[in-house]
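Start from the sequences, fold in the hints, and give me the full structure.
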Amino acid sequence: MFVHFSIMLVIFRKKNSKFNQNEYDLLFNCIENSLREMGYGDIAVNKKMKDINKVLYDILLKLELDKSKKTFKINDKIVIKYFSEINDPKSTPYLQFESYFNAFFNFCFEQSLDNMLRKTINFKY
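Going by numbering that gives the first Met the number 0, the first residue of the sequence shown is number 0, and it counts up by one from there.
Just so you know, these hints were derived from the structure itself, not from any lab. Do not rely on the hints blindly, as some may be mistaken.
As a list, the in silico BS3-like pairs of lysine-lysine whose alpha-carbon atoms are at most 27 Å apart [what the hints assert, rightly or not]:
| # | residue 1 | residue 2 |
| --- | --- | --- |
| 1 | Lys61 | Lys118 |
| 2 | Lys76 | Lys49 |
| 3 | Lys46 | Lys89 |
| 4 | Lys123 | Lys47 |
| 5 | Lys76 | Lys123 |
| 6 | Lys118 | Lys46 |
| 7 | Lys53 | Lys76 |
| 8 | Lys72 | Lys13 |
| 9 | Lys72 | Lys61 |
| 10 | Lys17 | Lys89 |
| 11 | Lys14 | Lys47 |
| 12 | Lys61 | Lys47 |
| 13 | Lys14 | Lys89 |
| 14 | Lys72 | Lys46 |
| 15 | Lys49 | Lys61 |
| 16 | Lys76 | Lys14 |
| 17 | Lys61 | Lys80 |
| 18 | Lys80 | Lys46 |
| 19 | Lys89 | Lys47 |
Cβ-Cβ distance ranges computed for the label pairs, FRET-style [as the list claims (entries may be wrong)]:
| # | residue 1 | residue 2 | range |
| --- | --- | --- | --- |
| 20 | Ala43 | Tyr23 | 15 to 25 Å |
| 21 | Asp57 | Glu84 | 12 to 22 Å |
| 22 | Lys13 | Ala43 | 29 to 39 Å |
| 23 | Lys80 | Leu26 | 17 to 27 Å |
C-beta: ideal position from N, C-alpha, C; glycine also.
Printed below as a string of structure tokens:
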């Protein structure tokens with residue numbers, strides 16, 4: 000989920016537009032509410048939210064966007080760190096993972112910024 004969200008944030012930045020703070024807040028409010036429904040208390044929720052925020056920014060900062068070629072490449076260190084079953088950048092699962100997110104980036108980039116969040120539901124790989 001955070002890779003998808005990070006790609007959308009990168010596209011907004013690339014198109015010189017600011018991502019709607021309400022959408023960002025809504026995502027994290029939903030995550031926080033889900034943690035509370037799972038039975039976590041205030042202290043545990045705050046700690047988990049801090050950890051989740053670190054993961055999002057780690058992914059966001061390590062996405063690679065070649066500005067001259069207008070292409071997207073996912074950083075293999077992110078994939079290996081957060082998806083333990085995909086541990087070799089030359090393996091078929093890794094290449095499929097990379098291909099999926101390249102296609103997702105291209106799909107979202109073609110959408111208008113106003114419709115990107117709604118249109119991603121229609122993404123077919």
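### Task
Decide if the proposed pair is consistent with the structure: lysine 76 and lysine 49, CA atoms, cutoff 27 Å inclusive.
Holds - the C-alpha atoms of lysine 49 and lysine 76 are around 21 Å apart, at most 27 Å.
### Satisfaction of hint between lysine 89 and lysine 46, Cα-Cα up to 27 Å
35 Å, violated
### Query
Do the beta carbons of lysine 13 and alanine 43 sit within 29 to 39 Å of each other?
Because 36 Å falls inside the window, the suggested range holds.
### Message
Quick check: does the Cβ-Cβ distance between alanine 43 and tyrosine 23 fall within 15 to 25 Å?
### Response
22 Å, holds
### Query
Keeping to a limit of 27 Å between CA atoms, is the pair of lysine 72 and lysine 46 held or broken?
Cα-Cα ~31 Å, so violated.
### Task
Assess, step by step, whether the Cα of lysine 76 is no farther than 27 Å from the Cα of lysine 14, and give holds or violated.
Answer holds: lysine 76 to lysine 14 is near 26 Å, not above 27 Å.
### Query
Does lysine 17 pair with lysine 89 here, judged by a C-alpha cut-off of 27 Å?
Violated: lysine 17 and lysine 89 sit about 35 Å apart, past 27 Å.
### Query
Under the criterion that the straight-line Cα-Cα distance not exceed 27 Å, is the pair lysine 61, lysine 80 satisfied?
Distance ~12 Å between lysine 61 and lysine 80 Cα, so the pair holds.
### Message
Checking one constraint from the list: CA of lysine 14 to CA of lysine 47, max 27 Å. Satisfied?
### Response
32 Å, violated
### Query
Taking 27 Å as the top limit, are the C-alpha atoms of lysine 14 and lysine 89 close enough?
31 Å, violated
### Pair hint outcome, lysine 118 versus lysine 46 [Cα-Cα no greater than 27 Å]
Violated, at about 33 Å.
### Query
Is lysine 76 within 27 Å of lysine 123, Cα to Cα?
With a Cα-Cα distance of about 26 Å, the restraint between lysine 76 and lysine 123 holds, given a limit of 27 Å.
In this structure, the hints that do not hold are numbers 3, 4, 6, 10, 11, 13, 14 and 19, in rising order.
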